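Q: As a plain string of letters, each chain reads:
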Amino acid sequence: HRVTVDVLDRLEQLALVDFRDAEGVQRLQKAIQFADQLHEVNTDGVEPMDSVLEDRCLYLREDDVTEGNCTKELLRNAREKVEEYFVAPPGNIPLPKLEERETFLQGS
Amino acid sequence: LAPWVPVVGLEIHAQISSNSKLFSGSQVQFAAPPNSLVSFFDASLPGTLPVLNRRCVEAAVMTGLALNCSINKKSLFDRKHYFYADLPAGYQITQQRVPIAVNGSLSYSLCIDNKMSQMVTKTVRIKQIQLEQDSGKSLHDDTRNQTLVDLNRAGVGLMEVVMEPDMCCGEEAAAAVRELQLILQTLGSSQAVMAEGQLRVDANVSVHHPGEPYGVRTEVKNINSLRFLAKAVDYEIQRQIEELENGGTILNETRAFDSRLGCTMPMRDKEGKQDYRFMPEPNLPPLILYDAKSLPANMNHQQVVNIDWIQDRLPDLPSVKRAKLVEQYGILPEHSFTLLNEDGLTEFFENVVKQTHMKPKKVIGWIIKDLLSYLKQHSLTVKESPVSPFLLADLLNLLEKKVISSTAAKQVLAELWKGEGKTPLEIVKEKNLELLQDQKELEQICQAVIDGQENEVIMVLLG
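If you're matching them up, the sequences are chains A and B in order.
In this text, residue positions in the first sequence follow the UniProt record's numbering: the first is 1, and each later residue adds one.
In this text, residue positions in the second sequence follow the UniProt record's numbering: the first is 1, and each later residue adds one.
Just so you know, the hints here were simulated from the structure itself, not pulled from any lab data.
Computed from a prediction, not measured in an experiment: that's the story for all the values here.
Wrong hints could be hidden among the right ones.
[Stated by the list, open to error] Distance condition first, Cα-Cα at most 25 Å in a straight line; then the derived DMTMM-like pairs of lysine to aspartate or glutamate:
hint, chain 1, residue 1, chain 2, residue 2
1, B, K74, A, D44
2, B, K73, A, D50
3, B, K361, B, E420
[What the hints assert, rightly or not] FRET-style restraints, in silico, Cβ to Cβ:
hint, chain 1, residue 1, chain 2, residue 2, range
4, B, G262, A, Q13, 30 to 36 Å
5, B, S44, A, E40, 36 to 42 Å
6, A, E40, B, P213, 39 to 45 Å
7, A, Q13, B, E164, 50 to 56 Å
8, B, D275, A, T43, 44 to 50 Å
9, A, V3, B, F30, 43 to 49 Å
10, A, T43, B, G262, 50 to 56 Å
11, B, A31, A, L95, 34 to 40 Å
12, A, T66, B, G262, 52 to 58 Å
13, B, N145, A, T66, 35 to 41 Å
All C-beta atoms in this analysis are idealised placements derived from N, C-alpha and C, irrespective of residue type, glycine included.
Please put together the full structure from these sequences, using the hints given.
A: So this is what it looks like as structure tokens:
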């Protein structure tokens with residue numbers, strides 16, 4: 001399975017990962033091949049496990065107010081603030097179209 | 001032209017009524033100073049972990065039971081990824097694979113042709129109910145080209161109720177949501193006040209010709225009231241029909257309802273298909289619920305949510321309350337709907353009934369035709385009524401004892417409405433509204449009338 005340019009573009013948009021150059025793409029390709037080895041395991045009749053915690057008890061907390069009220073501390077992390085609000089750009093800024101990013105594959 | 005079949009489904013987010021949030025101990029409260037009800041977890045600072053609030057689980061189980069759902073004794077949490085400034089973690093914890101409740105139903109009633117006397121019952125299937133986090137709030141500042149973010153709401157517990165596309169128009173959608181709202185308020189699992197964002201509705205709308213497959217659906221958001229829900233759905237149905245009849249196509253998109261213009265428009269930031277990259281939430285084991293049979297013997301009861309225990313303590317749902325009112329008081333079904341539809345009206349009615357000899361069947365007319373219409377005219381809630389149950393009962397007793405006629409009673413009520421503190425009897429005396437009871441006096445008056453109208457009397461006697 002080769003990683004196509006379309007898939008790469010999609011991944012970059014969704015995960016905001018920058019594959020930077022052809023070597024980066026190759027590394028991705030190798031990682032996928034490595035993970036594909038999982039398909040060699042016969043899992044017929046075996047329940048999928050999605051966490052080693054699956055047999056643990058999910059702890060339930062009482063409905064009491066125990067946190068919050070730390071506006072100052074939280075805002076210390078903000079690069080920009082207006083009164084006590086965090087400031088963000090007006091909307092999601094879309095990544096430049098693939099054509100404008102094409103140059104990354106040329107470096108090596 | 002072939003007929004069109006509109007298809008309407010709903011996704012409803014109800015804020016859970018709890019002291020603290022779904023996965024953290026910060027407070028749940030409407031209108032607090034920005035970012036004052038935010039814990040480190042809510043702000044998604046590294047090293048923080050979700051801890052599930054038991055009250056939120058109970059609220060979801062109660063709601064599932066009230067909506068006739070099967071409660072999943074084992075449900076799972078997942079991450080739904082997307083980028084937005086009011087979602088600091090970059091994902092929302094939800095229940096995508098196995099939600100807490102599935103396969104329920106909700107019955108609601110509609111008036112045919114706006115006549116309350118002709119009510120029809122409809123049912124909508126509930127696909128599922130899932131627990132999930134609310135996001136923070138974004139305030140768009142277009143003048144300075146920025147967004148201000150308040151995370152007070154981030155992490156508040158939500159129940160997402162998914163209704164199957166069994167509805168066909170705005171009226172049905174609004175009626176179904178109204179009934180859900182009453183149920184949630186009765187259970188106390190959510191206060192479900194739309195104006196405060198505690199109940200948010202997204203509508204999925206499509207149209208098709210009978211016998212053909214379903215058409216492409218659009219999602220309509222930004223609906224802030226039941227009235228706007230009906231309008232938005234009906235507008236979107238019309239828009240799609242017109243578009244298709246003009247040879248156009250419907251895009252599978254998200255549209256926002258503009259209440260000012262009364263129309264739907266494509267939403268920005270929602271272009272292109274979203275890929276939420278669902279994955280299991282690695283920090284939370286499965287949520288296990290118990291019933292009387294599966295209850296473990298030696299477990300800390302604070303860690304146990306017992307479905308049967310919750311079922312036994314469910315209050316009477318609106319449909320049951322209505323049936324009881326009809327049975328107990330001999331009123332009509334449509335009256336029971338009106339009583340439950342106005343906050344406090346049932347209590348008012350029952351208080352009046354307790355304090356008067358007048359039959360409930362007659363009292364209800366005064367409550368609905370007179371009291372309620374006054375309240376509506378002056379935009380008052382039942383609680384704000386200048387006429388108390390005691391005063392109204394007092395008035396109705398005068399009517400029952402035939403001290404006054406019903407016409408006079410209406411005049412007295414108009415006076416009582418002014419809230420000047422006078423009793424009904426005082427008003428009757430003041431305005432001389434008492435019915436004449438004296439036989440002799442009545443005869444004298446009748447004789448005087450006859451005497452004064454000789455010609456008419458002769459005509460009557462001649463036939």
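Q: Now tell me if each hint is right for this structure.
A: Comparing the hints with the structure gives:
no. : hint                          : in the structure
1   : B:K74 with A:D44              : 23 Å, holds
2   : B:K73 with A:D50              : 18 Å, holds
3   : B:K361 with B:E420            : 29 Å, violated
4   : B:G262 with A:Q13: 30 to 36 Å : 35 Å, holds
5   : B:S44 with A:E40: 36 to 42 Å  : 37 Å, holds
6   : A:E40 with B:P213: 39 to 45 Å : 40 Å, holds
7   : A:Q13 with B:E164: 50 to 56 Å : 32 Å, violated
8   : B:D275 with A:T43: 44 to 50 Å : 25 Å, violated
9   : A:V3 with B:F30: 43 to 49 Å   : 48 Å, holds
10  : A:T43 with B:G262: 50 to 56 Å : 55 Å, holds
11  : B:A31 with A:L95: 34 to 40 Å  : 37 Å, holds
12  : A:T66 with B:G262: 52 to 58 Å : 46 Å, violated
13  : B:N145 with A:T66: 35 to 41 Å : 38 Å, holds
In this structure, the hints that do not hold are numbers 3, 7, 8 and 12, in rising order.
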